[in-house]
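Counting in the numbering used here, the final residue of the sequence shown is number 731, and the numbers go up one at a time with none missing.
A portion of the hints provided could be inaccurate.
Said to hold, decoys possible - Cut-off 20 Å, straight-line C-alpha distance, at most; resulting in silico cross-link-like pairs (SDA-like, lysine to any residue):
id : residue 1 : residue 2
1  : Lys-592   : Pro-633
2  : Lys-592   : Ala-625
3  : Lys-592   : Val-647
4  : Lys-592   : Ser-619
5  : Lys-592   : Glu-618
6  : Lys-592   : Ile-610
7  : Lys-592   : Val-662
8  : Lys-592   : Thr-631
9  : Lys-592   : Arg-663
10 : Lys-592   : Gly-608
11 : Lys-592   : Arg-605
12 : Lys-592   : Glu-664
13 : Lys-592   : Ala-675
14 : Lys-592   : Glu-613
15 : Lys-592   : Gln-634
16 : Lys-592   : Ala-660
17 : Lys-592   : Asp-629
Treat the hints as calculated values from the structure; they're not laboratory data.
Predicted model, so just to flag it, every value in this text is computed and none were measured.
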Amino acid sequence: MKAVTLGPEGTYSHRAAGAIADEVEFRESVTGIVAAVADGTAPQGVLPVENSIEGSVTESLDALTEYEVAVVRELVTPIRHALLAQGSDFDTVASHSQALAQCRAFLDVEYPDVGLEAVASTARGVERAREDPNMAAIAHP
591 MKAVTLGPEG TYSHRAAGAI ADEVEFRESV TGIVAAVADG TAPQGVLPVE
641 NSIEGSVTES LDALTEYEVA VVRELVTPIR HALLAQGSDF DTVASHSQAL
691 AQCRAFLDVE YPDVGLEAVA STARGVERAR EDPNMAAIAH P
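Whole structure, please, built from the sequences with the hints as guidance.
In structure tokens:
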């Protein structure tokens with residue numbers, strides 16, 4: 591069965607969706623995932639709801655409240671972050687806001703002068719780091 595989840599390919603949500611679905615399609619936002627399930631475009635969606643460091647993912651909870659959909663399964667997915675860059679001379683770290691928050695203590699100590707850029711997903715952060723040698727990303731290794 592198909593599932594929609596947060597894209598692009600390579601996100602933590604993509605990994606989770608692949609564990610329960612034969613086919614995975616991507617949306618750019620959690621709200622887009624829930625809307626696709628609510629309007630029948632997709633039979634199921636996979637989205638982050640909670641994490642052990644930052645707590646509830648409010649965008650997900652808001653979307654679940656806004657649309658009439660049912661939560662039918664919980665999947666616990668281990669998260670392991672890595673700092674990925676083309677070299678050691680970067681001035682910005684891009685990732686999903688949850689990953690940036692989860693790594694805040696490390697970044698404050700090891701890279702106190704870098705800027706942080708919140709993007710739609712960890713995979714989008716990797717895309718930014720691939721395009722720009724002054725950019726690093728936090729994502730799955």
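Structure-based check of all given hints:
1. In summary, the hint linking Lys-592 to Pro-633 is supported, as the alpha carbons are separated by about 7 Å, within the 20 Å threshold.
2. Pair hint Lys-592 plus Ala-625 holds up; C-alpha atoms about 15 Å apart against a cutoff of 20 Å.
3. Distance hint between Lys-592 and Val-647 is unfulfilled; the C-alpha atoms sit about 23 Å from each other, more than 20 Å.
4. A C-alpha spacing of about 17 Å is found between Lys-592 and Ser-619, which places the hinted pair at or below 20 Å, so the restraint holds.
5. A threshold of 20 Å between alpha carbons decides the hint, and for Lys-592 with Glu-618 the separation of about 17 Å falls inside it, so the pair holds.
6. Between the alpha carbons of Lys-592 and Ile-610 the distance comes to roughly 9 Å, so the proposed pair stays at or under 20 Å and holds.
7. Only pairs whose Cα atoms come within 20 Å are accepted, and Lys-592 paired with Val-662 is accepted, the gap being roughly 15 Å.
8. Straight-line distance between C-alpha atoms of Lys-592 and Thr-631 comes to about 10 Å, which keeps the hinted pair within the 20 Å bound.
9. Between the alpha carbons of Lys-592 and Arg-663 the distance comes to roughly 15 Å, so the proposed pair stays at or under 20 Å and holds.
10. Under the criterion of a C-alpha separation no larger than 20 Å, the hint pairing Lys-592 with Gly-608 is consistent with the structure, at around 9 Å.
11. Restraint check for Lys-592 and Arg-605: satisfied, since their Cα atoms lie roughly 14 Å apart, inside the 20 Å limit.
12. A C-alpha spacing of about 17 Å is found between Lys-592 and Glu-664, which places the hinted pair at or below 20 Å, so the restraint holds.
13. Restraint check for Lys-592 and Ala-675: not satisfied, since their Cα atoms lie roughly 33 Å apart, outside the 20 Å limit.
14. Only pairs whose Cα atoms come within 20 Å are accepted, and Lys-592 paired with Glu-613 is accepted, the gap being roughly 5 Å.
15. Between Lys-592 and Gln-634 the CA atoms are separated by roughly 7 Å; this keeps the pair inside 20 Å, and the hint holds.
16. A threshold of 20 Å between alpha carbons decides the hint, and for Lys-592 with Ala-660 the separation of about 16 Å falls inside it, so the pair holds.
17. For the hint pairing Lys-592 with Asp-629, the CA-to-CA distance comes to about 15 Å; that is within 20 Å, so the pair holds.
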